[in-house]
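So the protein lines, in turn, are chains A and B. Residue 79 in the numbering used here sits at position 79 of the first sequence, and the numbers go up by one each step. Offset between the second sequence (1-based) and the numbering used here: plus 499.
These aren't lab readings, by the way, just hints derived from the structure by calculation. One or more hints might be untrue.
[As the list claims (entries may be wrong)] Facing chain A, from chain B, some residues (calculated, C-beta under 10 Å):
1) Leu505
2) Ser527
3) Gly532
4) Ser559
5) Ala561
6) Ser564
7) Thr576
8) Thr599
[To be verified] Below are the BS3-like pairs computed for lysine-lysine, each with C-alpha atoms no more than 30 Å apart in a straight line:
9) A:Lys344 x A:Lys398
10) B:Lys588 x A:Lys418
11) B:Lys584 x B:Lys603
12) A:Lys431 x B:Lys588
13) A:Lys235 x A:Lys330
14) A:Lys224 x A:Lys235
15) A:Lys418 x A:Lys235
16) B:Lys603 x A:Lys224
17) A:Lys224 x A:Lys344
18) A:Lys73 x A:Lys141
19) A:Lys235 x B:Lys584
20) B:Lys584 x A:Lys418
21) A:Lys398 x A:Lys224
22) A:Lys73 x A:Lys224
23) A:Lys165 x A:Lys187
24) B:Lys588 x B:Lys603
25) A:Lys235 x A:Lys327
26) B:Lys588 x A:Lys330
Virtual Cβ for every residue (Gly too), placed ideally from N, Cα, C.
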Amino acid sequence: MVWILFIFLSVAAVAIHRQRRAILALTYELGNREREKNAVFDFLNRTGERITTSLDVTGTLQLVVEFLQDATKADAAAIFLRQPDEPDVLRAPVVLGFFPPLHRTTTERLLAKRKFLAERARHDTIRIGEGIVGRVAELGKGMLITDAERDERVPREASEVIPIKDLILAPIKIRGETLGVLVLVNKREDGPFSESDMSLVTAIADQAAVMLDLVRLYDEFTAKQRVEQQLQVAKEFQQMLLPRELPRIETIEVAGFSQPALEVGGDYYDFIDVDEHHLGVVIADVSGKGVPGALVMASVRASLRAEARGNLSPREVLRATNAQAVKDTKRGVFITATYGVLDKRTGVFRFARAGHDPLVVVRPEDGELTLHEPNGIALGLMEGEVFDLLEESEVSLKDDGAIVLYTDGVVEAMDEQKRLYGDARLHEVLKNTAGEPPQAVIEAINLDIEAFAGVREPHDDITIVVLQWRRPAAQDAAVEPESTGGAEPLETPATDTGT
Amino acid sequence: MKSYDLLIHPAEDGTPFRRVDVIGTLDSHTVQGFEQSLHSLLDDGIPRLLLNIEQLTYISSAGISALMGLTHRLRQTNGELVLLKPTEKVYRVFRTLGFTNIFKIVDSDTELTAAFNL
Numbered sequence: 001m002v003w004i005l006f007i008f009l010s011v012a013a014v015a016i017h018r019q020r021r022a023i024l025a026l027t028y029e030l031g032n033r034e035r036e037k038n039a040v041f042d043f044l045n046r047t048g049e050r051i052t053t054s055l056d057v058t059g060t061l062q063l064v065v066e067f068l069q070d071a072t073k074a075d076a077a078a079i080f081l082r083q084p085d086e087p088d089v090l091r092a093p094v095v096l097g098f099f100p101p102l103h104r105t106t107t108e109r110l111l112a113k114r115k116f117l118a119e120r121a122r123h124d125t126i127r128i129g130e131g132i133v134g135r136v137a138e139l140g141k142g143m144l145i146t147d148a149e150r151d152e153r154v155p156r157e158a159s160e161v162i163p164i165k166d167l168i169l170a171p172i173k174i175r176g177e178t179l180g181v182l183v184l185v186n187k188r189e190d191g192p193f194s195e196s197d198m199s200l201v202t203a204i205a206d207q208a209a210v211m212l213d214l215v216r217l218y219d220e221f222t223a224k225q226r227v228e229q230q231l232q233v234a235k236e237f238q239q240m241l242l243p244r245e246l247p248r249i250e251t252i253e254v255a256g257f258s259q260p261a262l263e264v265g266g267d268y269y270d271f272i273d274v275d276e277h278h279l280g281v282v283i284a285d286v287s288g289k290g291v292p293g294a295l296v297m298a299s300v301r302a303s304l305r306a307e308a309r310g311n312l313s314p315r316e317v318l319r320a321t322n323a324q325a326v327k328d329t330k331r332g333v334f335i336t337a338t339y340g341v342l343d344k345r346t347g348v349f350r351f352a353r354a355g356h357d358p359l360v361v362v363r364p365e366d367g368e369l370t371l372h373e374p375n376g377i378a379l380g381l382m383e384g385e386v387f388d389l390l391e392e393s394e395v396s397l398k399d400d401g402a403i404v405l406y407t408d409g410v411v412e413a414m415d416e417q418k419r420l421y422g423d424a425r426l427h428e429v430l431k432n433t434a435g436e437p438p439q440a441v442i443e444a445i446n447l448d449i450e451a452f453a454g455v456r457e458p459h460d461d462i463t464i465v466v467l468q469w470r471r472p473a474a475q476d477a478a479v480e481p482e483s484t485g486g487a488e489p490l491e492t493p494a495t496d497t498g499t
Numbered sequence: 500m501k502s503y504d505l506l507i508h509p510a511e512d513g514t515p516f517r518r519v520d521v522i523g524t525l526d527s528h529t530v531q532g533f534e535q536s537l538h539s540l541l542d543d544g545i546p547r548l549l550l551n552i553e554q555l556t557y558i559s560s561a562g563i564s565a566l567m568g569l570t571h572r573l574r575q576t577n578g579e580l581v582l583l584k585p586t587e588k589v590y591r592v593f594r595t596l597g598f599t600n601i602f603k604i605v606d607s608d609t610e611l612t613a614a615f616n617l
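Input sequences plus hints: build the corresponding full structure.
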């Protein structure tokens, strides 16, 4: 009997010892966890005050996600955040581990390989309400899913590549607004995820929300400041570079107009004295905006001015300008331009088009329009044979009609429904103002754009140049049709919306 | 319809190029994702890329820059970018900008072999 008791006691002792060790280990673990949690809290608190740009934020989020992955022993973890410019879309700046696809997209087929998954999760966008992540963002409520295989909320097709066993999704929420979602997938050991894992994730998510909110406010503030500053500098700069006065030519009437947009682009126009009898006319549009756009514009303007003097070939001038632009501009920045040389004695305009909108000729008698679009690519992209495809073309102000040059800000002006002003409507105005003085044509276009888009700052620069042969007898010859309604249906060469 | 989407077709045996469908609009809002996805695809050493732009409804100058970037990158390694079936509107943008001189543009799958110089 005694030995039985002895055995019993020993077993009990061992059991108790084990239990105690387990409890100790657990306490230790809990202590550890608590300490780590506090450390992360502290960290988030401190960084919230210190972090000033969204660039710093990604680093911090990386640490947060790493911590959570480690603390909950998750196979994979990610943080999805609403995009400031697209608030109905979530994107994952941090993805760790083999993160399974949690919503269906058309890109599914790509993903036979695991190594693409993190990549995909990082680039994919999830709409609010779409898939399980999108739903958590929409509802602002977390989910703890312990048996993913049987849970309807978990997408089936996702599990083909990486089986999902269990999941934690916690919204990152502040003042009732969800900024993003923290997701942990597949507990490695002692699974599935527990309520205590869930509460840890939730607590960290709340803290992260505070930090993100601060950063967002700061970002908005500095962005506004920055934009305003840039805007002011660029606007002044751009205005400085526009012709202060129009050339006075006995035979030709000239008008130009340029209105920078809210986010300043790099439109400009210029008149250059090529020689005694020739006037260079250029209109250009830089693809970049803000200060960089204005700087590119300035450098193009300078090199074009330098090349233009004494050179009667617009093609050669644009070639030389392009060579300089290729050197000066960053890859991907390009400039569209039309440059021509106007013979003040004959009214012949010889021009080349570097990827710019078509040149429109308006016949004063009946408003018939002709579009000229000789071959040529935009400046700043390529030198050599591709650029040399640039063609020269000729129009006579005297015989063909007035020349209208414009930038795409005109035809891409938008109304509130984001519909484009379009070529057709511009052509209509040009027909109806045929024969009128250049300044009046420009005013008519501006009024019509205003009627279409409403009175507001355009989203792109608007620039227009009009050249017209001065008819000595224009006033009494009554060529100016008051209402051009009688003009026959004007054929417009096949042209649709511009760039 | 989604305002923007990319469909990256899996590499197929015997097909010497990767095919990607570009859907919706390519402008300053969507171009970043587009560039990231395609450049990470090119990181795998893909020499020939076919962009099916049949469903590309709008392209801004930012989108054009991105296509230029891809062209440059592929040509550095003797690769090639081919654009398949642009809509009339998108084609017009290319033509106005003179990019029909730079980009290889085809209207049917049967022209691909020639376009890629295969």
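Broken hints, numbered, in rising order?
-> Going through the list in order, the structure violates hints 7, 16, 17, 19, 21, 22 and respects the others.
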